[in-house]
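Read top to bottom, the protein sequences are chains A and B. Note that the first sequence covers residues 1 to 74 in full-length UniProt numbering. Note that the second sequence covers residues 1 to 74 in full-length UniProt numbering.
Keep in mind that the hints were calculated from the coordinates and are not lab data. Errors might be hidden in some of the hints.
[As the list claims (entries may be wrong)] Chain B side only, calculated, beta carbon under 10 Å to chain A, not exhaustive:
hint	residue
1	ARG21
2	ARG33
3	THR38
4	ARG65
5	LYS69
6	GLN71
7	ILE74
[Said to hold, decoys possible] Partial chain A-side listing against chain B, Cβ under 10 Å, derived:
hint	residue
8	LYS36
9	THR42
10	LYS43
11	ASP44
12	MET52
13	THR67
14	LEU68
15	LYS69
16	GLU72
17	ILE74
Note that CB positions come from ideal geometry on N, CA and C, so glycine has one too.
There are 2 protein chains.
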Amino acid sequence: MNKFANVITREIKTHTAIQKRGGRPKKNESEKRDQKITIALTKDEKRKLEEMAEEEGLSVGVFVRKTLKQQEVI
Amino acid sequence: MNKFANVITREIKTHTAIQKRGGRPKKNESEKRDQKITIALTKDEKRKLEEMAEEEGLSVGVFVRKTLKQQEVI
């Protein structure tokens with residue numbers, strides 16, 4: 001029996017079966033931001049929005065959500 | 001000469017050439033809402049937003065723009 005016999009004969013598992021479940025835990029269903037709305041803006045409106053978001057160090061999406069939350073419309 | 005001769009011999013024009021330029025006039029470049037932003041929301045956030053928009057008889061897009069305008073972020 002050669003030294004590779006155990007490698008050859010061991011059970012083959014899929015990546016998914018071997019993989020440890022590390023990383024960020026799954027959000028539950030009601031916390032998922034899986035709904036999308038698209039807002040059409042002029043170039044000037046978008047530019048201003050991007051500047052305001054950047055001043056706060058936020059992405060446009062997070063900044064818009066924050067603004068809508070403050071106004072209690074989401 | 002039969003009575004259809006004038007129909008047969010008249011100049012053929014394309015639809016575009018014949019068409020009168022009616023309807024809504026073109027917006028100029030800076031007024032066009034040709035920039036899109038997409039906002040990710042939870043199901044609850046989206047539902048609330050849709051309800052708020054509907055109460056005011058506005059589409060979600062118009063309502064969000066109005067809210068962002070009021071907050072002077074667009």
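Here is how each hint holds up against the structure:
| no. | hint | in the structure |
| --- | --- | --- |
| 1 | ARG21 | 24 Å, violated |
| 2 | ARG33 | 4 Å, holds |
| 3 | THR38 | 5 Å, holds |
| 4 | ARG65 | 6 Å, holds |
| 5 | LYS69 | 8 Å, holds |
| 6 | GLN71 | 5 Å, holds |
| 7 | ILE74 | 4 Å, holds |
| 8 | LYS36 | 5 Å, holds |
| 9 | THR42 | 6 Å, holds |
| 10 | LYS43 | 6 Å, holds |
| 11 | ASP44 | 6 Å, holds |
| 12 | MET52 | 5 Å, holds |
| 13 | THR67 | 5 Å, holds |
| 14 | LEU68 | 6 Å, holds |
| 15 | LYS69 | 8 Å, holds |
| 16 | GLU72 | 9 Å, holds |
| 17 | ILE74 | 4 Å, holds |
The structure is inconsistent with hint 1 alone, although it conforms to all the rest.
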